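Start from the sequences and build out the full structure, keeping to the hints where you can.
Residue numbers (this note's numbering), protein chains in the order written: chain A, 1 to 279; chain B, 280 to 586.
In case anyone wonders, no lab produced these hints; they're calculated from the structure.
There may be inaccurate statements among the hints.
Said to hold, decoys possible - What the simulated footprint calls covered on chain B by chain A, stretch by stretch (three residues with Cβ under 8 Å from a Cβ of chain A suffice, anywhere in the stretch; the number is not a length):
hint : region
1    : 289-302
2    : 373-380
3    : 409-420
4    : 500-514
5    : 549-557
6    : 563-570
To be verified - Some chain B residues flagged as far from chain A (calculated, every beta-carbon gap over 10 Å):
hint : residue
7    : Gly340
8    : Asp341
9    : Val361
10   : Thr443
Small disclaimer: the values here were computed from a predicted structure and weren't measured.
Just so it is clear, CB atoms sit at the ideal spot from N, CA and C, and this is done for glycine as well.
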Amino acid sequence: MSMARHSPARSIAAHAVLATYTIIALFPVFVIVINAFKSRKAIFRTPLELPNAESFSLVGFETVLKQGDFLLYFQNSFIVTVVSLFMVLLFGAMAAFALAEYRFKGNSLMGLYLALGIMIPIRLGTVAILQMMAASGLVNTLTSLILVYTAQGLPLAVFILSEFMRQVSDDLKNAGRIDGLSEYRIFFRLVLPLVRPAMATVAVFTMIPIWNDLWFPLILAPAEETKTITLGAQVFIGQFVTNWNAVLAALSLAILPVLILYLIFSRQLIRGITSGAVK
Amino acid sequence: MAQATKKPIRWHIAVFLAPAVLIYTAIMIIPLFSTLQLAMYSDVENSQVYVGLQNFRALFGDPQWSDQFWNALKNNTWFFIVHMIVQNPIGILLAALLSSPRLRMRSFYRTAIFIPTILSFVIAGFAWKLILSPLWGVAPNLLDMVGLKSLFQPWLGKEAYALTTLALISVWQFVGIPMMLIYAALLSIPDELLEAAECDGITGMSQFWKVKLPLILPAIGIISILTFVGNFNAFDLIYATQGALAGPDFSTDILGTFMFRTFFGFQLQLGDPNLGAAIATAMFVIILIGVSIYLFGIQRRLRRYQF
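As structure tokens, then:
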């Protein structure tokens, strides 16, 4: 690349803008987390200072762990997210394989039908979903959430995965067929391992909205024993509005696990987004 | 469907398709259509009676409902406009800077700016609610540091500012998505093209406007339609910060919160599933119109370049 595109002044300006926006993006998270570790007095007197020996206090976390059943909420969120994710990936990959691999009547129509759900949000069917879940006795169960999130995640998963499965070499699959592998074995043994990077991308895209959703837990499973962490935090914070220590601690508890997971997987996520899904 | 003319029935195709198609149809498509159907019924003495378009007449014409509906639609439109004029330009600017050659700390910026996007609405909403709270005083203190303390207002509590403030919080949270998608589009522009532009003396800003921007227009189109669908379907942020009543005085009420209130009832008013379904149908039609305008009006006219 030539130097014409590159001057020190321009580079400083770029860094200034990016750094400013990074501060805007991180500042609220930073303020919440540092104040969660302070005493009530310090929260109000010096909200922008890091906790020190004098102001350090864990009283907020103690209240949260005593009052709210955050461990249970966390477990519920975890079960719902992992099971839905597994079903979206397995069923999505199977359907994507059928659409990408075989020619049959109605193939493109089926692809279009499954892609409808990318544009039309599942929330619009909430009234009927609640009636259906009530009729089958699934209200206030994690199963209802898992079913809804599986249906919600499938369209995008099928769409992205079938794009990737078209790139798997035909020679490889045909070699497998000649060796007498059944179509199922070709899918599970040959094709699935090859599309693992695409599966990771789909996993991240499916996971974030499930973990963060407030609407369906609020409507389908608001009972104490089926609350997810997002709903639990929302209800808890609503009850403890005046207890600043507890509210800040609850927010930090909700932020930290996601943040840690994100920092571990961010490379994967960003590679997934930038790997030409837009082209 | 799983039939070929010469070969026997290929059952494996059906087996591969069945789980996804069944779950998707049962949980998504059927409820969507029964919601549309439910909107045509009404509860008369505990039994569902077909009433045609009466619910919609009430929604658009009966002052008890229509005032709230038009208010929610107006607010929702403003919510969308704020996203379009703030979120997307900022996203494009950040992506353009990130893709500049030989930028140091690129992956740090990328990772950090995307962090708000992974947080839930509940966290983002409450974090900002606390920061903007006049009780805590973080926001007034910060403004004081730059000598603008007089500008401070309890933004979330004032009718005139609350909706715009919430839209900006949502922008803060989601700017990472346009940034990433446009960044990806910019990376896919081949170097030869940019070098050719340089040979013709087109560099810097004019290179962005004349060469790169036309090439990333399809990505901007996708972002706009994603923003549209997301905004007209939004609920969580408003509910988490302002509650189901979308205060102050319904000034932050959007279609999602209006549907929730109508469906479940609030305070003294009983919930009405049929009217809730009618609002969902209205949202469905709005989203469908938006998506159609994009697919048939905009996407087809965008010129795509193959490299």
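Checked hints:
{"no.": "1", "hint": "289-302", "verdict": "holds (count 10)"}
{"no.": "2", "hint": "373-380", "verdict": "holds (count 5)"}
{"no.": "3", "hint": "409-420", "verdict": "holds (count 6)"}
{"no.": "4", "hint": "500-514", "verdict": "holds (count 5)"}
{"no.": "5", "hint": "549-557", "verdict": "holds (count 3)"}
{"no.": "6", "hint": "563-570", "verdict": "holds (count 4)"}
{"no.": "7", "hint": "Gly340", "verdict": "holds (22 Å)"}
{"no.": "8", "hint": "Asp341", "verdict": "holds (20 Å)"}
{"no.": "9", "hint": "Val361", "verdict": "holds (16 Å)"}
{"no.": "10", "hint": "Thr443", "verdict": "holds (17 Å)"}
Hint compliance for this structure: every hint is met.
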